[in-house]
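Protein chains: 2
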Amino acid sequence: MTAPPTIDDIHAAHERIGGVVHRTPVLTCSSLDRLTGCKLFVKAEHLQGVGAFKFRGATNAVLLLSDAEAKRGVCTHSSGNHAQALARAALERGIQAWIVMPTSAPGVKRRAVEGYGATVVQCEPTLQAREDTASQIVEETGATFIHPYDDSRIIAGAGTAAVELLQDVPDLDVIIAPIGGGGLMSGTCIAASAMQPGIRLLGAEPEGADDAARSLVACERILQRSPNTICDGLLTSLGALTWPILRDHLETIVTVSDSLVVEAMRLLWTRAKAVVEPSGATPLAAVLSQASPIQPGTRVGLIVSGGNIDLDNLPW
Amino acid sequence: MTAPPTIDDIHAAHERIGGVVHRTPVLTCSSLDRLTGCKLFVKAEHLQGVGAFKFRGATNAVLLLSDAEAKRGVCTHSSGNHAQALARAALERGIQAWIVMPTSAPGVKRRAVEGYGATVVQCEPTLQAREDTASQIVEETGATFIHPYDDSRIIAGAGTAAVELLQDVPDLDVIIAPIGGGGLMSGTCIAASAMQPGIRLLGAEPEGADDAARSLVACERILQRSPNTICDGLLTSLGALTWPILRDHLETIVTVSDSLVVEAMRLLWTRAKAVVEPSGATPLAAVLSQASPIQPGTRVGLIVSGGNIDLDNLPW
Chain A
1 MTAPPTIDDI
11 HAAHERIGGV
21 VHRTPVLTCS
31 SLDRLTGCKL
41 FVKAEHLQGV
51 GAFKFRGATN
61 AVLLLSDAEA
71 KRGVCTHSSG
81 NHAQALARAA
91 LERGIQAWIV
101 MPTSAPGVKR
111 RAVEGYGATV
121 VQCEPTLQAR
131 EDTASQIVEE
141 TGATFIHPYD
151 DSRIIAGAGT
161 AAVELLQDVP
171 DLDVIIAPIG
181 GGGLMSGTCI
191 AASAMQPGIR
201 LLGAEPEGAD
211 DAARSLVACE
221 RILQRSPNTI
231 CDGLLTSLGA
241 LTWPILRDHL
251 ETIVTVSDSL
261 VVEAMRLLWT
271 RAKAVVEPSG
281 ATPLAAVLSQ
291 ASPIQPGTRV
301 GLIVSGGNID
311 LDNLPW
Chain B
1 MTAPPTIDDI
11 HAAHERIGGV
21 VHRTPVLTCS
31 SLDRLTGCKL
41 FVKAEHLQGV
51 GAFKFRGATN
61 AVLLLSDAEA
71 KRGVCTHSSG
81 NHAQALARAA
91 LERGIQAWIV
101 MPTSAPGVKR
111 RAVEGYGATV
121 VQCEPTLQAR
131 EDTASQIVEE
141 TGATFIHPYD
151 DSRIIAGAGT
161 AAVELLQDVP
171 DLDVIIAPIG
181 GGGLMSGTCI
191 AASAMQPGIR
201 LLGAEPEGAD
211 DAARSLVACE
221 RILQRSPNTI
231 CDGLLTSLGA
241 LTWPILRDHL
251 ETIVTVSDSL
261 VVEAMRLLWT
271 RAKAVVEPSG
281 ATPLAAVLSQ
291 ASPIQPGTRV
301 GLIVSGGNID
311 LDNLPW
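The listed protein sequences derive, respectively, from chains A and B. Oh and the first sequence: position 15 is 15 in my numbering, straight run, nothing missing. Oh and the second sequence: position 96 is 96 in my numbering, straight run, nothing missing.
Partial list, derived from the structure: chain A residues whose beta carbon lies under 7 Å from chain B:
{"no.": "1", "residue": "Pro25"}
{"no.": "2", "residue": "His46"}
{"no.": "3", "residue": "Leu47"}
{"no.": "4", "residue": "Trp269"}
{"no.": "5", "residue": "Lys273"}
{"no.": "6", "residue": "Gly307"}
If you are wondering where the hints come from, they were derived from the structure by calculation, not from laboratory data. Positions of the beta carbon are idealized from the N, C-alpha and C atoms, including for glycine.
Let's have the full structure, built from the sequences with the hints guiding it.
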């Protein structure tokens, strides 16, 4: 899948996944509005199945398989929310899933994936080992490999969150989403720019994994080397498919410090009553940042995702 | 106000407060469903203004004041969510609010009330001192006293949460709500029994503040003496107005231990991604309880409210 999805692909994905994924609510919160001086609309993807927007793309990809393909199952490598998302999407269709996870992944994450009936295959914690192990499984089983973000079906599914946000709140000035591999942000860009031409599109990225921000400045894709941030969902590099979409649509990327992410996370928990993991708090951190290009009075859509946290290991 | 509200009063309240309060979403969560064997529908009142259903009743009471009454303001005594709810409801109408709070109330709660523009008047931490101080303010200012639960306007407002829940999920088998003073539960009883005759109505109460459960067994109102529970929103006694409504409608009250409340609270945080305070987790604790009269397969509406917690002082 080397072509990016069109807005028609995203609308088709929205239709396709409707019976499986939640239409998540858009939350508003007067105390966050007072604090930021903006009118914030939180697309609450932490309330999505498996606690993350990843379930949209995984469901879309699994539902697009032919019956013959589906019979042979799906495979990916991930230690994050995509692992759970693909496992559950496969469970919903009643097909097999092999999830390659590094031995370094927490036991709780492995058990969550196994809880959805997937087969976890452990490997050494290097990208090479992950890719090799997944390739071997695909070769042996005929399973379809589903990349976590650099896949048109995944991007189309991710874009359906912005479709719902703009259907529910049609007159937004700007949408901000987090950037890891760029799947959510690129789907958001395609959906929002088609549905509301001229809408401002901003990315939020941790300072310690700022490959997308550096890529945008350099106007070429720069890979992420040795990331260092608590935003463990945003460590990866942009993909060959996602990068040009971001380059062509983003006004800018606001990079945020881990301490600002923790502040934003606490605000989401205490004010919006939303259990959001660090990665998911980056869009609010971007609004709070001194480097934010958002003026007071702006109507801001925030795509907030990732509610998978360890209550016994909170960052405060 | 000595007569309980009718279903017409509750529908009128719903219409009246619609422009001010949130219509909160109803959340579903497949992992909680698997865990309980039931189909759970969480009416997410922790996402209500001020983080609690209390904002519904306070808004209804404030909007029912005549212009002449409104000019003289409102008054209550509370160290809990009703204090914030009345302060904010008064702010929304642009009128004055005097909130009597015991000197023992945490500074963060006092500042939250002051943040809504209300005047906090401190007093000794006894019920007598609270009532005396409030009476004095009412006498001096002509403000209208708004009781936290034993008031028909408050009960009618509280009942609007059940109205929305049943509009969104019309075929529930049972609704469970927490019981403190009984305002939420009695409003829920009146609304649900009128909208869906025969629906089962259950209360959830902490073991350490089980006056309502004991009242139901004795068939007479028993006051709460020296409560001992982490559910700090459920410490008060039933009111003269709320008690007969509960007596006439409730199938039973499930009492739950603090440890089960903490377990339910953790599940709501980690599975439903909902920041809910201990009091608000009691309905889920009731479903989890070995004493629960809920059979597997039941469609259960849970009114979950109260998201006001201190992240630096969590009960685990």
